[in-house]
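Visitor: Residue-level listing of the chains:
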Amino acid sequence: MKGKGVLSVFILVIFGVFVLGMPQGAVAKKPLKIGAVYILSGAFATYGQFARNGINLAVDEINAKGGILGRKVEVTFEDSKAKPAVAIRAFRKLVYEEKVDFLVGLDSSGVALGVVPTLPELKRILIITHAATPDVTGKKCNKYAFRISVNLNQNVGAGARIAAKTGAKRWTTIGPDYAFGHQSWEYFQKYLKKLVPDAVFMEKVAFPKLATEDYSTYITSIMDANPEGVFISLWGGDLVNFVRQANAYGFFKKGYKVLMSLGAATEVLYALKDKMPEGVWVGTRYWFLANPSPTNKRFVEAYKKRYNAYPSYNAQNAYTAIYALKAAIEKAKSTKTEAVIKALEGLRIEAPVGKIYIRPQDHQAILNVTWGKTAADPNYPIRILKPMVTFSGEEVTPSPEETGCKMK
Amino acid sequence: MMETLIITALNGLSLGTLLFLISMGLTTIFGVMGVLNFAHGSLYMLGAYMCLQAMRLFHNFWLGLLVAPLAVGLLGMAIEVQFLRKIYDRHLTLQLLLTFAFLLILDDAVRILWGAGYHTVDPPRLLAGTLRVLGRPYPVYSLFILVLGPAVGLALWAFFYRTKVGMIVRAAAMDREMASSLGVNVPKLFTYVFFFGSWLAGLGGALAAPLRAIGPAMGEKIIIESFIVVVIGGLGSFPGAFIGAMIFGLFDAFGIHFVPRIHMAIPFILLAAVLLWRPRGLFGEEI
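Order-wise, the sequence lines are chains W and V. 0 is the number of the first residue of the first sequence in numbering that gives the first Met the number 0; add one for each residue after it. 0 is the number of the first residue of the second sequence in numbering that gives the first Met the number 0; add one for each residue after it.
So that you can see chain W by itself, here it is in the shape it has in the complex (with noise of 0.2 Å):
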């Protein structure tokens, strides 16, 4: 009948309009989604903390410009609380429940050893920021993970060079009692023996437990001892602690070498200000007055601006994660884990932090490492490093081959 003739004919064109005049950004470009796992909770918050800074501050200077292909980049944060098992989880709901597209993260090394070998299931990159262990570019590699930060190799092995200036022969460590305490002394032994190859690595040693409040006798037992050197891997709130009652029995002041490989980290500078000693060769994974490059500079500026401190190791790590992500899906134009991963072997960036290159072997970061002694400067309200010493990553990075990974 001439009636629901007239009706479908309406229907299609009403139909036809609709489709035709939706606008392009309805059906347009969907976010880019990143997932992050950062130790959110707990006595170690602050590093979690710290990434998300600098993740925040790249994620919303990269959207002011456009996003990333055209597409905004959007990041999800996931509470690791420093356990593999919830780590996994946290994983597996970013990717599968929440469909993120790459992956940062992780502080401990502990929980990257658990996470690394299940990226393969997953089939999404994870860019390691801070977790040092040598092991997940080394004898756990596999082809989706990443590391944009020093490792403990490459910091350990620039402390080497440190001590070997320093003329002591008989040294000692105080480290914490776990895979990170007794790597970093493995590591330090056998890089200082290459460089001093009469040094003497003493049989009192030192490893408290992890999150020890009291040092006080492990410090006695090693003045004790008499060490010509002290090598002090102690991090974050232990080093605090650590520095505060060494400084009370005189620890300081007893001539030893002291070396603390993360003893330039900003949240030990400003948890100390003054009580950290001037004098002690500090080490760290970033140090913010190392590098004059404008990129830096414009990094530590905004960072400032934004969180009234100064930019952390970690907060520059994650900021340099999400950069080089952009770099590689720019480069291999696609988003595609198989195609970026194919970009970020051998990318070249400009980070605050200075050049990086991912070296496509073990994907490991090939970067500058700095160390240096701590001194008082009235321009700053925490200690900063007066002399600086910068080593560059092919110098302190062992090669692929001493790493072990063989990437299938």
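These are calculated hints, taken from the structure and not from any lab test. Keep in mind it's a predicted model, so treat the numbers as computed, not measured. Even glycine gets a Cβ: it sits at the ideal position worked out from N, Cα and C. Please note that a few of the clues may not be correct.
Quick look at which bits of chain V chain W covers, simulated, 3 or more residues with Cβ under 8 Å [claimed, not checked]:
| hint | segment |
| --- | --- |
| 1 | 0-7 |
| 2 | 95-105 |
| 3 | 110-116 |
| 4 | 128-138 |
| 5 | 153-167 |
| 6 | 255-268 |
Fit chain V to the supplied structure of chain W, relying on the hints for placement.
Guide: Same frame as chain W, but now just chain V:
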């Protein structure tokens, strides 16, 4: 060698004193109320944060030492009145869950209020220096704690064994029903005891503030150590808390110095030994 042993012993006793204050609160609460306060370590942590806050406001450590434990004590009292009181006649596990819940709540609250970073409190100038003990530098503050602990212990002993109120508390600890039928207002007593226990934990925290970095979850370790001390000394025993804490501190210090490899196991070996040989603890009541 002799000097090292004495210095090590001093370290141990200093640690023991701090543990004593916290364990004393824990054991009193258990002894009188039968409540195992899992949140005790968090109250200790809160004491440290309150001291930090007091330092920021008043710039006076002694005032902080006065105010912080009081604040923690009042918070404890509020927890008891509003929450704990409602579940005394319920199953023991509910009490454990409730105090554990407060542990979690306080840990996160502290992070939200003061941030996730580390804070430090300086000791007052009077106590900030070093003394020479047997020719070696020793922190004055540690000696201060060493002296303060037994002083507090003595005051507590005098309170519990020489005053009427103390006698009532001990009576309620021994036999709650009998004390109640003799006219003691047991619920009110419980509130005061919980205040007292929390006050002690807060005092421990405030005293620890100049020694240890203040950060979220700083109570996690001390609660385990306090539990061990309380079990070794005897649940509910006041002299037990003192002796247990001293033993713990000394074994800890000498363990670190002489057998560092197994030092971590020593408190638990002690615990196992006491439980096997004398399950009620050194001074505890017959089970």
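Visitor: Provide an ascending list of the numbers of those earlier hints which the structure does not satisfy.
Guide: 2 and 5
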